[in-house]
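Asker: Chains A and B, in that order, give the protein sequences. What the first sequence shows, in our numbering, is residues 1 to 483, in sequence order. What the second sequence shows, in our numbering, is residues 1 to 483, in sequence order.
Derived by calculation from the structure, the hints in this document are not laboratory data.
You can't tell identical chains apart in this list, so a pair holds if it fits in one copy or across any two.
Using 25 Å as the maximum straight-line C-alpha spacing, the simulated SDA-like pairs for lysine to any residue come out as follows:
id : residue 1 : residue 2
1  : K29       : N342
2  : K28       : S131
3  : K289      : G67
4  : K289      : E58
5  : K29       : E126
6  : K64       : L162
7  : K209      : K474
8  : K106      : E95
9  : K106      : E79
10 : K127      : L162
11 : K29       : L135
12 : K127      : R21
13 : K426      : H442
14 : K127      : E11
15 : K289      : T66
Letter by letter, the chains look like this.
Number of protein chains: 2
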Amino acid sequence: MANEEKQFVTEITPQKEDFSRWYIDVIKKADLMDYSPVRGCIVFKPDGYEIWEHIQAELDRRFKETGHRNAYFPLFIPESFFQKEKEHVEGFNPELPWVTEAAGEKLEERLAIRPTSETMIGHMYEKWIQSYRDLPVLINQWANVVRWEKRTLPFLRTSEFLWQEGHTAHENEQEAREETMRMLEIYRDFVENFLAIPVITGQKTPSEKFAGAVDTFSIEAMMKDGRAVQAGTSHYLGTNFATAFNIQYLNRENEHEFVHTTSWGVSTRLIGSLIMVHGDDRGLALPPKVAPKQVMIIPIGPPKTRDMVIARSDELFTELKKAGIRVGIDDRADVRPGWKFNEYEMRGVPVRLEIGPRDMENGVCVLVSRISGEKKIVQQDRLVEEVQMMLEQVHQEMFNRAKTFRDEHFYSVDTLDEMKASMEEKRGFTLAGWCGSEACEHQVKEETGATSRNIPFEPEVHKTKCLVCGEPAKHTVVFARAY
Amino acid sequence: MANEEKQFVTEITPQKEDFSRWYIDVIKKADLMDYSPVRGCIVFKPDGYEIWEHIQAELDRRFKETGHRNAYFPLFIPESFFQKEKEHVEGFNPELPWVTEAAGEKLEERLAIRPTSETMIGHMYEKWIQSYRDLPVLINQWANVVRWEKRTLPFLRTSEFLWQEGHTAHENEQEAREETMRMLEIYRDFVENFLAIPVITGQKTPSEKFAGAVDTFSIEAMMKDGRAVQAGTSHYLGTNFATAFNIQYLNRENEHEFVHTTSWGVSTRLIGSLIMVHGDDRGLALPPKVAPKQVMIIPIGPPKTRDMVIARSDELFTELKKAGIRVGIDDRADVRPGWKFNEYEMRGVPVRLEIGPRDMENGVCVLVSRISGEKKIVQQDRLVEEVQMMLEQVHQEMFNRAKTFRDEHFYSVDTLDEMKASMEEKRGFTLAGWCGSEACEHQVKEETGATSRNIPFEPEVHKTKCLVCGEPAKHTVVFARAY
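So here's chain A without its partners, still in its complex pose (with noise of 0.2 Å):
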């Protein structure tokens, strides 16, 4: 048995020795996801698979609730599209994998393989779209998309990956602008309530929104190494692609407009994201509401009590089943008790229910929180309420260790040599001023390596000159080096 620990224990690189070892280690060893013989390719494993599952479940009820529908476009996009929106084409040509044969032939025209669909969706809404009317159009689709990456990382950067995007045109500016910022209040909402992951809310700087778009917001989170990963966009495209597409309707007073439209995104990168925040030496820490199971049971004690306790085992997995709480039971006789709690915690199940024969006469089990490591002791007859209260509880120190982890490691510096120091001897969020000029942007990418995150809606400071010039700051800017 110790043995068994031992060996079980050094088989995940410690985060503090490698980080991006200890990821591969646990993604790899909690059977999230395998490597593909294509390159850059995932494949997503049941478990890993499953995160996604409730990750779509709840956003689409909030994208409905909302008034969005789902809808379906095609997978190829012929390359005369891309022409048509120059920053377009620029932003995403380096990236595309192009058909150019078909059932034998070869294709007059070449298909790229959709890397995003603004361009498909845009000629689309060009015939749907005649009068105000037909407005708002409010469409999202769940879809893969591929982006030929250099370099890949399991589920954060992957050449093809699975993704939301939601296309919608409206009638003016104003509109479209209250949409993109419902969306992005959305995915603030639901990463940080349902994910536990605390994020910064802002707009991207020009040099890094998305390609075609007026104006990019996101969210951004902090992993543990203290990288940012932006976990979803939403992008108000003004008129630009309903220029390129000529997306023309009827307004009120009879004349011909063109709408404004927004697209806006999460993907399968928020697995990573999840993993890199909650993760922990002992494995993954998975947020109860993704869980694919939410509590484990393991029966112990000798082997005289063995069918007693596994058939009130079994009771307490029916109730809580019934009760919609995502339960599984580990009950074989052939692996021990202490090597089936380390097997969970490192699988990231929020709650380990053990039951044994003392606790059966006592009507009572125990509960133990993945997170916190908290015993609690509950009578058996409230086990469901019990249940979801720790739960509930394990979301909220999730929540609450990943912002006090956020807020311990975001600094505020006033130079670019504070801001390389701050880079190179701590790792996290760094707020600065910066006068707007592109320039000085790439400065701090090269000489730290950090890039603009975002301009925070909320900053815990303003900042009153530009760390690079020392010309007065137009905006106070969060950089971090991100995936």
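Starting from the structure of chain A, add chain B where the hints point.
Answerer: Okay, now just chain B, sitting in the frame of chain A:
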């Protein structure tokens, strides 16, 4: 008003006049899809896509209930994978689109867009399966797939389509065959009891089976023009893919053995099928369980009672919605009720709810069945039950009508001449004896345009002689022209 209605009616080609045109008219007019700029690819518009969402949700529930979990495998399949299973490559090669360049560079090995995932999944299973303890593997994937078809038809045959593909691996033939039949039965039950489409279950002849399967089983549905649609298939793959991809496991006797695999799938062609089975000259008729809107409320009466009637309509709307019924309301003042009646009939909404000032005095409203036209006056305080009852009744009636139609168009013949006459004069399915030779099967196809659909498990009659050569019949086969 009269003109409006007339114009409306003439927009849908009658089924008897031209069934194919009727189909296209209906799906376009009911706003289920649009053509895309990519050959053979369609856009699933929200009402079309929502039908698929309801199909997905129910099947997904049934798959999980039977122990399956979802996963996701790459879109791209290396060319060399197809070479490993001889029949498979011959079957699919003619339909593959190829990615030959990505990110500005020519690829070393061409990548096919998946037409189905046996090969990729076989490759992964080889890594995942070591011992009998790893079996069975029960995985399903929801995905887009591409087959570059020459002749396309919206929903029924498109270059890109959406589907699910189950892929399981088992210790032995018996378990794999049980799984094959279990999934076929789930399909049958789902299609009959959810989509209200009666089907013929049976086994495919060798020439019609899946490329690489040992045995293929199918459910076959009859469209209103008498043609067949293969609505779902389940394959016992034997050790064909296990051998090609070397998926071996250590069995209970500690010996290496190949796993036995299965695969099974249904696709968005189910949407096409339900339209062609249930629709009529007034338009769509949607089975209640997949209809985006199950009930449409239409307030009627003169302007002076309008506000009062709409207020009550809103209450009924809320009540139905709360009961989980998908309900809509059309209270537009500038469109006349008669026009609305036609509109939602055309869109296939199963139940219409009319309410006017006199109904309000009497505490009643009127439910109208899309399928029978029956009008039922019901008490408002029993509305939820009455609506649920009528939805159930509409479902039953749709199934019964489809079954009656099928039975009336199900013929039995003894000779090829009879078959020819049957195919030319009448439309439908034809039962005939078959000796088992590919030559005879081929001759039927050449001379009548009909293909063998399947060898039904429970044929209405047992034929003793082959319709072509007159030799003793090995099987009684259903022949039909097919989509």
